[in-house]
Amino acid sequence: MKVEAIQYGDRKVYTVASFNRGVADWLSRLPTIWVEGEVTELRRNARWQSVFFTLKDPSDGACVGVTIARSRFDALRLDLADGERAHVFGRPELFEAKGDYRMRALSIERFGLGDHLAALERLKKKLAAEGVFERKRPLPLLPRRIGLVTGNDAAAKRDVLATITARFPAARIVVAETYVQGPFAATAMIEALREVSAAPDVDVVVLARGGGSFEDLLPFSDERLVRAVAASPVPVVSAVGHEQDTPLCDLAADARASTPTAAARLVVPDAAELLQRLDRARGALGRGARGVVERRRQRLEQTHERLRRAPALAVERKRARLEHSAGRLRALSPRATLQRGYAIVRRGDAIVRSADAVAAGETIDVEVAEGRFGARVE
Amino acid sequence: MTFEEAQRELEQIVERLERGDAGLDEAIKLWERGEELYKRCVGQLDAAQGKIEELARRAESAKP
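Which chain is which? The protein sequence lines are A and Y, in order. Reading the first sequence from the start, the letters are residues 1 to 378 in my numbering. Reading the second sequence from the start, the letters are residues 379 to 442 in my numbering.
Worth flagging that the hints you see were computed from the coordinates, not collected in a lab. Glycine is no exception: its CB is placed at the ideal position from the N, C-alpha and C atoms. Mixed in with the good hints, there may be bad ones.
[What the hints assert, rightly or not] If we take Cβ atoms under 10 Å as the criterion, some of the chain Y residues that face chain A in the derived model are:
| id | residue |
| --- | --- |
| 1 | Met-379 |
| 2 | Trp-409 |
| 3 | Ala-437 |
[Stated by the list, open to error] In the EDC-like style, the derived pairs of lysine to aspartate or glutamate whose C-alpha atoms are separated by at most 20 Å in a straight line are:
| id | chain 1 | residue 1 | chain 2 | residue 2 |
| --- | --- | --- | --- | --- |
| 4 | A | Lys-136 | A | Glu-223 |
| 5 | A | Lys-318 | Y | Glu-404 |
| 6 | A | Lys-56 | A | Glu-93 |
| 7 | A | Lys-56 | A | Asp-25 |
| 8 | Y | Lys-429 | A | Asp-356 |
| 9 | Y | Lys-407 | Y | Glu-387 |
| 10 | Y | Lys-407 | A | Glu-305 |
| 11 | A | Lys-124 | A | Asp-60 |
| 12 | Y | Lys-407 | A | Glu-316 |
| 13 | A | Lys-56 | A | Glu-215 |
| 14 | A | Lys-126 | A | Glu-109 |
| 15 | A | Lys-318 | Y | Glu-393 |
| 16 | Y | Lys-407 | Y | Glu-432 |
| 17 | Y | Lys-417 | A | Glu-301 |
| 18 | Y | Lys-407 | Y | Glu-438 |
| 19 | A | Lys-318 | Y | Glu-410 |
| 20 | A | Lys-124 | A | Glu-109 |
| 21 | A | Lys-56 | A | Asp-115 |
| 22 | Y | Lys-417 | A | Asp-254 |
| 23 | Y | Lys-417 | A | Glu-294 |
| 24 | A | Lys-124 | A | Asp-57 |
| 25 | A | Lys-318 | Y | Glu-414 |
| 26 | A | Lys-126 | A | Glu-41 |
| 27 | A | Lys-125 | A | Asp-201 |
| 28 | A | Lys-318 | Y | Glu-387 |
| 29 | A | Lys-125 | A | Glu-294 |
| 30 | A | Lys-318 | Y | Asp-399 |
| 31 | A | Lys-124 | A | Glu-223 |
| 32 | A | Lys-318 | A | Glu-301 |
[Said to hold, decoys possible] To be clear about the criterion: a stretch of chain Y counts as covered by chain A if any three or more of its residues have a C-beta under 8 Å from a C-beta of chain A, and this derived list gives those stretches:
| id | segment |
| --- | --- |
| 33 | 382–390 |
| 34 | 395–401 |
| 35 | 410–421 |
| 36 | 424–432 |
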């Protein structure tokens, strides 16, 4: 249909209908392409000509309305449910009565395993480049309270609770039960995570889920959840699936456990082992204190032994010096003079010092260095 | 007087006596002083040991 303008002097003016018509015409020239997103708000009614749904970008929530002919939709036999990822082949189309634009779909394809894997790989690269996987905080040795985010009747929950209680009976746990699979799991887990990490005294959070199919575990790689785990105010331990599964939330968590039981072992110490260690430390403390006294005592005893010997030693030294003096004293006695050839002459007991003291014919006594002999005065 | 002060003085006395430069009377006096210091040190060590044993006993009986 031709778009006609109304002339108001120099001004060309269009009616709303013709404006919309013009835009619609222009949009119809855009190519038909594939668009990827999450299917939400799917509405199908047997009396309607078309099926409606909203295609949503999982990373930022951008939306576009989609219509597809009901016969075509039914022929695809997709059995699509809300929250599922899909590739939609179509082109933009204006709903002229409202001025809304939407996508007219010609075909829809379910997001296949390969698509999921490729999308995960891209998301992983993107988050890694942003440093989302780099924050690793140490877990508390003894958490005041432990937050547990898990499914409502999951074996994972039972495993975590049983292991924590067995290792550390006094542990206090805040459990947040939530959806752990399906289209609402990611947002529900984000909410649960926020709730338990904000609860008073919670020092660590465990995110636990048992094994499951690749699709079952997909919510644990949801970009919003991965970012929420990385941004958690308290450390998060991720224990999702089995050993071989590595959902992206495992990479963003502060610690990763291969099973829920292993996660429980990470968050609480073994009380019995802890007590043993404390006992050993106390033993060492006592030995240390006794050792200090013992070393002082040994040194004191050695010093005392030296003290005990010291006076005798001092007296001995003095005695030696005395002996030395005595020796020198003796060296100065008259006997030494006799050695040089002098003699002592006695008459009776008196030493003869003058020739007048003796008369001829008297007997005298002569002492020389070696012995003595008698003599007569001439 | 702390244990360490007493021990230091005792060791100085022993060194002085072993050098042998003290007079005889002085040496006797030093010796007496040394013995007195030794007794004081032993007393302090015995007291410390007693306290340690007492604490150990108390800790043992408070065991959970």
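### Message
For a C-alpha distance cap of 20 Å, please report whether Lys-407 (chain Y) and Glu-438 (chain Y) respect it.
### Response
violated (47 Å)
### Message
Need the status of pair Lys-318 (chain A), Glu-414 (chain Y): alpha-carbon distance at most 20 Å?
### Response
Outside the cut-off at roughly 24 Å; violated.
### Task
Quickly compare the C-alpha distance for Lys-417 (chain Y) and Asp-254 (chain A) to 20 Å and report which way the hint goes.
violated (61 Å)
### Query
Are Lys-125 (chain A) and Asp-201 (chain A) close enough, with their CA atoms no more than 20 Å apart?
violated (35 Å)
### Message
Just to be careful: measuring from the Cβ of Ala-437 (chain Y) to every Cβ in chain A, is the smallest value less than 10 Å?
### Response
It holds, given that the least Cβ distance between Ala-437 (chain Y) and chain A is near 7 Å, below 10 Å.
### Query
Can we keep the Met-379 (chain Y) interface hint, with Cβ of chain A closer than 10 Å?
It is violated, given that the least Cβ distance between Met-379 (chain Y) and chain A is near 14 Å, above 10 Å.
### Query
Does Lys-126 (chain A) pair with Glu-41 (chain A) here, judged by a C-alpha cut-off of 20 Å?
The given pair, whose Cα atoms are some 29 Å apart, is violated under the 20 Å limit.
### Task
Below or equal to 20 Å on CA atoms is what counts here, so check Lys-136 (chain A) against Glu-223 (chain A).
Cα-Cα ~18 Å, so holds.
### Task
Starting from Lys-56 (chain A), check that the Cα of Glu-215 (chain A) is at most 20 Å away, please.
holds (19 Å)
### Proposed proximity, Glu-410 (chain Y) with Lys-318 (chain A) (alpha carbon, max 20 Å)
holds (19 Å)
### Query
Is the Cα-Cα distance between Lys-126 (chain A) and Glu-109 (chain A) 20 Å or less?
violated (25 Å)
### Message
Using a Cβ cutoff of 8 Å, are there at least 3 residues of the segment 395–401 of chain Y near chain A, or does the coverage claim fail?
### Response
This one holds; 4 residues, not fewer than the three required, reach chain A with a Cβ under 8 Å.
Hint violations for this structure: numbers 1, 7, 8, 14, 16, 18, 20, 22, 25, 26, 27, 28, 29, 32, all remaining hints satisfied.
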